[in-house]
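> The primary structure of each chain is shown beneath.
2 protein chains.
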Amino acid sequence: MTKCVAIIGGGVIGGGWLARFLLNGWDVKVYDPDPEAERKIDEVLVNARHALPMLYDHALPPEGQLQFCSSVQEAVQGASWIQESVPERLEIKHAVFAEIQAHCRADAVIGSSTSGFKPSELQEGAARPEQIMVTHPFNPVYLLPLIELVPSAATSRTHVEIAKETLTSLGLFPLHVRKEIDAHIADRFLEAVWREGLWLIKDGIATTEEIDNAIRYGFGLRWAQMGLFETYRIAGGEAGMAHFIAQFGPCLSWPWTKLMDVPELTDELTELIAAQSDAQSGDKSIRELERLRDNNLIAMLRALKQQGSAAGALINAHETKLRAPHTDGVPMQTVNRSIPVDWTDYNGHMNEGRYGQIFSDAADAFMIEIGADSDYIAGGNSFFTVETTIKYLNETLAGQQVKVLTKVLMSDGKKVKLFHEMKDEADHILASCEQFMLHVNLTTRKSCPPLAHVQTRMDALALAHSD
Amino acid sequence: MTKCVAIIGGGVIGGGWLARFLLNGWDVKVYDPDPEAERKIDEVLVNARHALPMLYDHALPPEGQLQFCSSVQEAVQGASWIQESVPERLEIKHAVFAEIQAHCRADAVIGSSTSGFKPSELQEGAARPEQIMVTHPFNPVYLLPLIELVPSAATSRTHVEIAKETLTSLGLFPLHVRKEIDAHIADRFLEAVWREGLWLIKDGIATTEEIDNAIRYGFGLRWAQMGLFETYRIAGGEAGMAHFIAQFGPCLSWPWTKLMDVPELTDELTELIAAQSDAQSGDKSIRELERLRDNNLIAMLRALKQQGSAAGALINAHETKLRAPHTDGVPMQTVNRSIPVDWTDYNGHMNEGRYGQIFSDAADAFMIEIGADSDYIAGGNSFFTVETTIKYLNETLAGQQVKVLTKVLMSDGKKVKLFHEMKDEADHILASCEQFMLHVNLTTRKSCPPLAHVQTRMDALALAHSD
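Chains as they are written, first to last, in the numbering used here: chain A, 3 to 469; chain B, 3 to 469.
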């Protein structure tokens with residue numbers, strides 16, 4: 003059954019939520035009184051459709067249906083998730099929750115995107131406080147996995163469990179914040195850094211660009227994959243965290259920070275920051291900056307995915323749920339994916355080498371299908387590629403959707419020949435590959451026939467594909 | 003002439019500096035009275051030799067000579083750069099500077115790795131304050147490009163310029179801090195975040211692992227490529243930074259932070275943090291964590307390199323200085339590089355597709371050599387690969403050094419056939435590739451003969467390679 007979400011408030015954050023759900027196959031009903039809402043959501047969707055599928059080496063499910071509604075009532079009816087992303091004023095949120103709860107299902111999760119309010123504050127005066135919680139995302143919501151999930155004591159355990167399952171199924175990471183506090187966890191750090199940054203600018207120590215460089219060429223790279231404490235654990239060496247604290251703890255009382263005070267946001271300071279930011283990035287539009295940010299995030303997330311580490315491990319876990327069973331069609335479909343930005347050359351065309359990777363992926367999928375899977379390899383048997391011949395027939399671009407169809411050309415004991423064709427959505431052939439493989443005993447490193455169950459399946463496919 | 007650096011203090015930071023210089027071809031003389039220094043430096047070097055070459059698509063220059071010295075005097079003699087990384091106590095640093103200056107060249111740069119002291123403090127009582135400055139690196143120094151370069155008013159402009167040039171030539175990014183303050187720029191942020199983290203743990207809001215997840219699944223990814231202000235510029239939308247500040251500025255005075263106080267580092271709090279850190283990462287040794295961190299950083303940095311963005315743009319700029327001129331040997335050497343960790347499968351072997359990429363890179367290098375370079379392509383002409391046949395002869399592992407030798411098999415007007423062999427350092431053949439290319443007019447998209455100067459060079463090579 004298709005799942006249905008109601009998006010209440012469709013700005014950058016609401017639009018990001020909408021895209022996450024829609025691109026994961028949910029039907030989406032959205033309500034936002036802003037007459038510009040449809041245009042704004044469309045802009046977010048353009049970015050999200052470009053970006054999110056590139057995180058995965060398999061196609062996402064077909065998009066759900068998107069429906070614009072003229073009232074909260076219309077949007078929330080039948081929805082199993084309601085995501086509120088209206089302005090950060092408590093009285094507005096209370097009014098919206100009252101309207102939501104007058105019409106929504108009692109078993110639905112109502113998540114709030116608030117970055118500051120505690121769930122107990124949101125629940126004040128609510129008809130059913132048990133279904134309300136904070137689910138605070140990070141921009142761009144269609145790429146960053148973190149969701150701070152903050153229930154209050156009045157939130158039901160059942161709703162929290164459903165929320166965690168749903169968020170995980172969307173490729174998100176629910177960070178269960180066990181004690182509610184203002185601004186949850188992440189924004190407390192952002193606040194601290196923002197404040198320190200304002201002082202450095204006000205005091206003329208550094209410009210916005212110098213501060214950004216101090217972050218992105220140094221600790222930003224560390225934090226993107228390990229965060230703060232694991233990084234410092236390494237700095238402490240074999241002696242461990244207690245040693246690190248003993249060594250660096252005393253610095254804390256040194257006068258290294260001005261955080262005790264809040265700089266006054268005078269017009270002068272605001273203009274100074276705006277002017278520095280213009281000098282730093284003013285040559286690019288916000289759309290261009292968004293695309294630059296998204297492409298960088300995709301490339302970094304895919305790098306972590308390939309390492310199986312940090313946020314990349316989350317993507318790998320989500321991807322295992324995306325794999326549709328391989329059909330026994332003739333020929334067999336072995337790849338179905340989009341071309342990510344990290345696979346292209348400076349001119350936007352897919353790099354020659356990535357054709358080889360796609361066909362190698364196709365062979366991997368084929369082998370799993372016929373029983374030569376990871377258990378088979380762990381048992382000491384595998385197919386090694388000896389030779390490939392690739393014909394490049396048409397250019398392939400980032401964002402393009404491609405599939406690979408695979409046939410067995412020859413199955414002769416230890417010798418196997420596969421033939422792959424890569425096609426676009428209109429079934430135009432982009433490239434083909436003939437791949438000659440040998441079955442190998444991994445212990446003796448010598449070629450030998452496959453085990454019987456694999457051989458049988460291979461022979462059957464060779465026959466089926468013998469047209 | 004080989005350049006010579008003196009490393010005074012060879013811990014994790016000094017060792018990281020040492021590796022940066024050594025792997026960029028500098029001779030290194032190191033002094034550290036710790037009897038364990040040689041072992042510790044060797045451990046850093048093992049990591050650095052694994053990691054740094056992987057950032058580039060060309061080999062680094064041959065390593066310089068490494069010499070362990072028994073005195074500061076011996077180490078600094080003749081050195082054009084002296085890097086001080088001794089413990090963070092001002093009286094120790096003053097004593098070390100006095101000994102350095104008694105024996106070093108007056109035109110040498112003396113850089114201090116201090117994370118807290120101002121250069122004017124370091125210069126107190128110095129014989130030649132003009133050659134002393136802060137050059138504060140970030141761990142791991144062999145991978146992260148940021149160096150905070152902080153001169154005082156007494157530091158000479160000439161020495162600062164030399165320092166900037168030298169750091170850039172090592173692939174580092176000198177962030178010139180124009181006004182000296184305690185802790186420079188980056189550590190002020192680290193301090194703020196560390197302090198906030200301690201409070202969250204002390205108050206039982208979050209564990210070390212939850213805090214790390216809040217960072218690495220969210221804003222850490224943003225900061226690794228854009229930093230703070232450019233990220234917020236996007237959040238402000240087309241209305242710009244001033245709008246963003248107007249919208250989010252007021253939050254600053256809300257009670258979202260406890261930064262006004264410093265938590266007391268009681269034994270209890272220290273033990274709590276250490277225990278949480280053990281629970282989070284205790285299953286891995288520090289060596290394993292270092293390798294994990296380095297592999298993640300390599301993969302992310304290479305992802306940014308491919309995008310030509312953020313720290314990746316720095317690597318690309320440095321790489322252009324690494325390319326040795328292509329020799330006219332027979333056959334021609336077209337690739338010389340190490341295999342990075344992001345090119346391997348889960349089993350540590352180079353992915354099939356990357357063979358294709360290496361041979362594609364070899365063809366690119368070959369084309370530049372014969373005059374079919376970016377100007378030629380901009381002029382509307384290019385070679386397109388039509389078909390490649392790759393023979394996989396031996397497995398290739400991450401960290402392996404490989405080269406590709408390229409011959410012209412056929413030059414027949416618009417038709418060209420290249421033959422590439424990839425070899426390891428012992429000249430064993432790992433793979434070969436026959437590549438059939440067509441010369442194409444990019445406007446008409448039809449094949450046509452190359453322009454005369456390219457055709458002449460191609461024919462000459464076909465003859466030279468015709469054995």
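Note that these hints are calculated values from the structure, not bench results.
Be aware that one or more of the hints could be misleading.
Note that the list lumps identical chains together, so a pair holds whenever it fits in one copy or between two copies.
[Stated by the list, open to error] With a cut-off of at most 30 angstroms between alpha-carbon atoms, the simulated DSS-like pairs for lysine-lysine come out as follows:
1. 120 <-> 417
2. 204 <-> 181
3. 393 <-> 417
4. 204 <-> 5
5. 416 <-> 181
6. 286 <-> 393
7. 286 <-> 166
8. 425 <-> 181
9. 5 <-> 419
10. 405 <-> 166
11. 166 <-> 419
12. 425 <-> 120
13. 425 <-> 409
14. 323 <-> 405
15. 417 <-> 5
16. 5 <-> 416
17. 409 <-> 120
18. 425 <-> 393
> State for each hint whether it applies.
Do the hints match the structure? See the list:
For the identical chains of this complex, residue 120 and residue 417 are neighbours neither inside a copy (64 angstroms) nor across copies (69 angstroms), given an alpha-carbon limit of 30 angstroms. Taking the closest pair of Cα atoms, residue 204 and residue 181 come within 30 angstroms of each other only across two copies (13 angstroms); inside a single copy the shortest separation is 35 angstroms, beyond that limit. For the homomeric pair residue 393 and residue 417, the shortest alpha-carbon distances inside one copy (22 angstroms) and between copies (15 angstroms) are both at most 30 angstroms. In this assembly of identical chains, the alpha carbons of residue 204 and residue 5 never lie at most 30 angstroms apart, being 50 angstroms within a copy and 41 angstroms across copies at closest.
With identical chains, the CA atoms of residue 416 and residue 181 are never at most 30 angstroms apart, being 61 angstroms at best within one copy and 71 angstroms at best between copies. For a Cα distance limit of 30 angstroms, the shortest separation of residue 286 from residue 393 qualifies neither inside one copy, at 39 angstroms, nor across copies, at 46 angstroms. Taking the shortest Cα distances, residue 286 and residue 166 sit within 30 angstroms of each other only across copies (28 angstroms), while inside one copy they are farther apart (38 angstroms). Taking the closest pair of Cα atoms, residue 425 and residue 181 never come within 30 angstroms of each other, the shortest separation being 52 angstroms inside a single copy and 59 angstroms across copies.
For the identical chains of this complex, residue 5 and residue 419 are neighbours neither inside a copy (43 angstroms) nor across copies (55 angstroms), given an alpha-carbon limit of 30 angstroms. For a Cα distance limit of 30 angstroms, the shortest separation of residue 405 from residue 166 qualifies neither inside one copy, at 33 angstroms, nor across copies, at 50 angstroms. Proximity of residue 166 and residue 419 under a CA criterion of 30 angstroms is satisfied in neither setting, with 46 angstroms inside one chain copy and 57 angstroms between copies. For the homomeric pair residue 425 and residue 120, neither the shortest alpha-carbon distance inside one copy (51 angstroms) nor that between copies (62 angstroms) is at most 30 angstroms.
For the homomeric pair residue 425 and residue 409, the shortest alpha-carbon distance inside one copy (14 angstroms) is at most 30 angstroms, but the shortest distance between copies (32 angstroms) is not. When the C-alpha separation of residue 323 and residue 405 is checked against a cutoff of 30 angstroms, the pair qualifies only within one copy, where the shortest distance is 19 angstroms, while the shortest distance between copies is 40 angstroms. Within a single copy, residue 417 and residue 5 get their C-alpha atoms no closer than 47 angstroms, and across copies no closer than 56 angstroms, so neither meets the 30 angstroms cut-off. In this assembly of identical chains, residue 5 and residue 416 lie within 30 angstroms of each other by CA distance neither inside one copy nor across copies; the values are 48 angstroms within and 57 angstroms between.
Taking the closest pair of Cα atoms, residue 409 and residue 120 never come within 30 angstroms of each other, the shortest separation being 57 angstroms inside a single copy and 68 angstroms across copies. In this assembly of identical chains, the alpha carbons of residue 425 and residue 393 lie at most 30 angstroms apart whether taken from the same copy (13 angstroms) or from different copies (25 angstroms).
The structure fails hints 1, 4, 5, 6, 8, 9, 10, 11, 12, 15, 16 and 17 (numbered hints given earlier, in ascending order).
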